[in-house]
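**Student:** Quick mapping for you: the protein sequence lines, in order, are chains A and B. Numbering follows this note's numbering, in which position 20 of the first sequence is assigned residue number 544; successive positions increment by one, without gaps. Numbering follows this note's numbering, in which position 207 of the second sequence is assigned residue number 243; successive positions increment by one, without gaps.
To be clear, the hints were calculated from the coordinates, so they are not data collected in a lab. Incorrect hints may have been included.
Here are the simulated DSSO-like cross-link-like pairs (lysine-lysine), alpha carbons at most 27 Å apart as the crow flies [said to hold, decoys possible]:
id : chain 1 : residue 1 : chain 2 : residue 2
1  : A       : LYS636    : B       : LYS90
2  : B       : LYS288    : B       : LYS176
3  : B       : LYS90     : A       : LYS534
4  : B       : LYS176    : B       : LYS155
For each label pair, taking beta carbons as the anchor points, the in silico distance ranges come out as [stated by the list, open to error]:
id : chain 1 : residue 1 : chain 2 : residue 2 : range
5  : A       : LYS667    : B       : THR391    : 38 to 48 Å
6  : B       : LEU346    : A       : ARG600    : 41 to 51 Å
7  : B       : LEU241    : A       : GLU585    : 39 to 49 Å
Negatives, chain A to chain B, calculated, CB over 12 Å [what the hints assert, rightly or not]:
id : residue
8  : TYR571
9  : GLU573
10 : PRO588
11 : GLU603
12 : PRO625
13 : GLY627
14 : MET647
15 : TYR649
16 : ASP668
Just so we're clear, the structure is a prediction, and the values are computed from it rather than from any experiment. Yeah, the Cβ is synthetic: ideal placement off N, Cα and C, and Gly gets one too.
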Amino acid sequence: MKVLMVDKEKCTGCHQCELWCGTEIASTSRELARAINEAPQPVPRVYVEGQKFALQCRHCENAPCLDACPNGTMRRDPETGLVYVNEPTCIACWMCVMVCPFGIINPSSSMKVAIKCDRCRSMGYPICAEVCPTGALSIVERKDYRKKKF
Amino acid sequence: MQYIIVGGSAAAISAVESIRSLDRDSRIDLFSDEETPLFSRVLLPYYVAEELSKPLLNFRPADFFETNRVTPHLGVKVTSLNGATKTVKTSDGNTYTFDKLLLATGGRAIVPPIPGVDKEGISTLKTMADAEKIYHMQGKRAVVIGAGSIGVEACISLTRRGIKATLLEQLGQVMPTVFDAEAAQIVRKRIEDLGIEVFTGEKALKFTGDKRVTGVVTDNREIPCDMVVLSVGVRPQTELAVQAGLTLGDMKGIRVDETMQTSTADIYAAGDVAETHDIARNTWFLNAIWPCAFEQGHFAGLNMAGQKTLYPGSYRRNSIGNFIGIPAISMGVTHAESCAMTSDEDEFREIRVRTKDAYKKLVLRNGRVIGAILVGQTQKAGLMSILLRKQVNVADSIPMLMSDRLNFMDLLPILRRNADQFSEPEYKELMDTGL
């Protein structure tokens with residue numbers, strides 16, 4: 525399983541990732557000048573948190589959102605391991621929001637769907653990493669933290 | 037290995053998935069007295085409201101049994117269970133033997149012993165048949181008895197169908213097991229704004245009408261109606277467990293150990309029927325909610341398939357979602373006093389913040405989160421959930437936790453201090469960033 529990691533030495537907290545995610549992925553117009561006036565407001569899937577750290581869905585190995593979803597709207601892509609919301613069937617019950625340990629699922633009351641990062645699974649490469657001006661975001665193989673048995 | 041699963045809802049399906057993640061070949065027989073498989077009970081109010089059609093109530097694809105190579109026996113009831121001979125008998129006259137069995141028999145809606153409760157036009161809302169019955173009921177006025185999650189949602193469903201609904205609750209507030217008085221007041225206001233009449237602290241004494249219900253008599257009034265929905269709670273379905281001599285708990289659920297095994301070897305229980313250790317209450321409890329059922333099924337399945345995996349314990353979690361019109365999430369205990377197993381040394385704290393549109397409350401025991409309520413602003417509710425689950429000390433972080441700017445990265449110092457408890461790779465890799 526691959527994960528998106530942030531190099532804290534390189535992240536300047538410029539919010540470019542948020543801006544591009546919000547425009548390219550979340551808006552209907554896909555143009556910044558129009559996106560900012562869209563109603564409902566586009567919701568970026570990445571959050572520049574704390575001092576400076578771009579946080580998206582971590583696509584947990586044991587994802588609590590998958591267990592909490594009462595109608596199978598939250599799904600895992602068997603090939604990539606990416607967890608995504610099948611928006612057409614989302615009933616906005618916010619059970620996934622209730623259990624997400626990272627607080628990165630947005631309960632959008634205006635769009636009536638749970639909004640979260642699917643790491644641009646249909647584009648193949650995440651926009652946030654692509655647009656980061658300092659190259660702080662990169663996709664790496666998830667480290668195996670389990671104690672190895674010899 | 038021969039597995040038998042009794043039940044066909046969240047815990048049962050989750051257990052099947054976990055068994056299959058470890059054991060691709062053994063035979064799994066699943067028995068469910070519901071003829072419609074794989075539907076989600078918590079969505080039944082959405083069906084009544086005409087928000088979701090039947091296929092959209094499914095939480096797994098229709099070919100689930102096929103792809104997981106499960107032999108389903110739908111509409112077949114398991115009538116007896118013998119733990120010594122490891123056999124079950126079923127309503128279709130067959131006998132099956134098992135190596136490992138899961139009781140995921142869930143709960144049964146309580147029918148309160150109110151005079152006239154057997155009249156036509158009165159139904160619980162627990163099974164698909166119930167939902168169909170309520171959906172097809174004729175009339176313009178409904179009374180819903182019991183203002184828990186299902187009662188409130190039933191009211192809203194009926195209102196959306198143009199039926200005038202009255203919500204009756206004998207305790208002093210709506211959703212008494214989910215919210216404290218303050219949060220309940222916010223939710224009540226929303227329900228009333230939808231045109232629903234709400235009476236709390238008022239008890240249904242009898243149902244009037246000849247064959248069919250025409251009204252509900254309470255201690256204060258008589259409410260005329262054409263239909264009644266009973267939503268006063270559920271009780272675990274333990275007939276098979278009792279028959280097999282399994283140990284039940286104080287709340288009459290099936291006691292299970294950390295591997296979800298019952299008092300009899302190779303018989304497991306999970307979901308609304310299982311009484312587990314409640315992390316927040318620090319005692320045995322029946323947490324009959326969807327996420328707990330799914331988790332417990334998952335742990336039961338792994339242990340049944342031979343991978344010993346310990347269930348960390350349950351805790352209540354409720355989200356009322358967009359259905360009511362204001363997001364509200366509640367977990368654990370809502371009041372310090374609802375906590376059992378306390379000693380004189382235990383120190384409880386409740387911290388509240390109320391703004392115009394939002395309400396947030398934390399309940400702490402000895403500096404550890406045991407309960408949280410978030411109304412209005414709920415996106416970070418999961419952070420509270422994980423702190424509750426891990427029972428780490430957060431006494432020095434209260435202002436941060438109560439801030440409306442709280443985000444995950446703020447928790448990193450707490451995670452590092454308790455690194456042994458946050459051993460999942462998702463946490464480790466973020467702690468590794470050096471932030």
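**Student:** Now, for every hint given, state plainly whether the structure supports it.
**Tutor:** Comparing the hints with the structure gives:
1. Annotation: proposed proximity of LYS636/A to LYS90/B holds, straight-line Cα distance about 20 Å (limit 27 Å).
2. Between LYS288/B and LYS176/B the CA atoms are separated by roughly 38 Å; this puts the pair beyond 27 Å, and the hint is violated.
3. With a C-alpha separation of about 51 Å, the suggested pairing of LYS90/B with LYS534/A is violated against the 27 Å cut-off.
4. Taking the CA atoms of LYS176/B and LYS155/B, the gap is near 17 Å; set against the 27 Å cutoff, the hint holds.
5. Distance hint for LYS667/A and THR391/B: a CB-CB separation of about 41 Å, consistent with the stated range 38 to 48 Å.
6. Against the hinted window of 41 to 51 Å, the Cβ-Cβ separation of LEU346/B and ARG600/A comes to about 24 Å, which falls outside the hint.
7. Range check, LEU241/B to GLU585/A: Cβ separation about 53 Å, and the 39 to 49 Å hint is violated.
8. At the 12 Å boundary, the C-beta of TYR571/A falls inside the reach of chain B, the nearest C-beta of that chain being 7 Å off.
9. Interface exclusion of GLU573/A from chain B breaks down, the closest Cβ pair being 4 Å apart, not more than 12 Å.
10. Some Cβ of chain B comes within 12 Å of the Cβ of PRO588/A; the nearest lies about 7 Å off, and the non-interface call is violated.
11. Under the 12 Å C-beta cut-off, the non-interface status given to GLU603/A relative to chain B holds; the minimum distance is some 16 Å.
12. With a least CB separation of 4 Å from chain B, PRO625/A falls inside the 12 Å interface cut-off, contrary to its annotation.
13. Its beta-carbon lying about 4 Å from the closest one in chain B, GLY627/A breaks the requirement of being farther than 12 Å from that chain.
14. Distance check on MET647/A: its Cβ is at least 23 Å (rounded) from any Cβ of chain B, clearing the 12 Å threshold; non-interface status holds.
15. Here TYR649/A stays apart from chain B, with its beta-carbon at least about 20 Å from theirs, past the 12 Å limit.
16. The non-interface label for ASP668/A is inconsistent with chain B: the shortest C-beta to C-beta separation is roughly 8 Å, within 12 Å.
The structure fails hints 2, 3, 6, 7, 8, 9, 10, 12, 13 and 16 (numbered hints given earlier, in ascending order).
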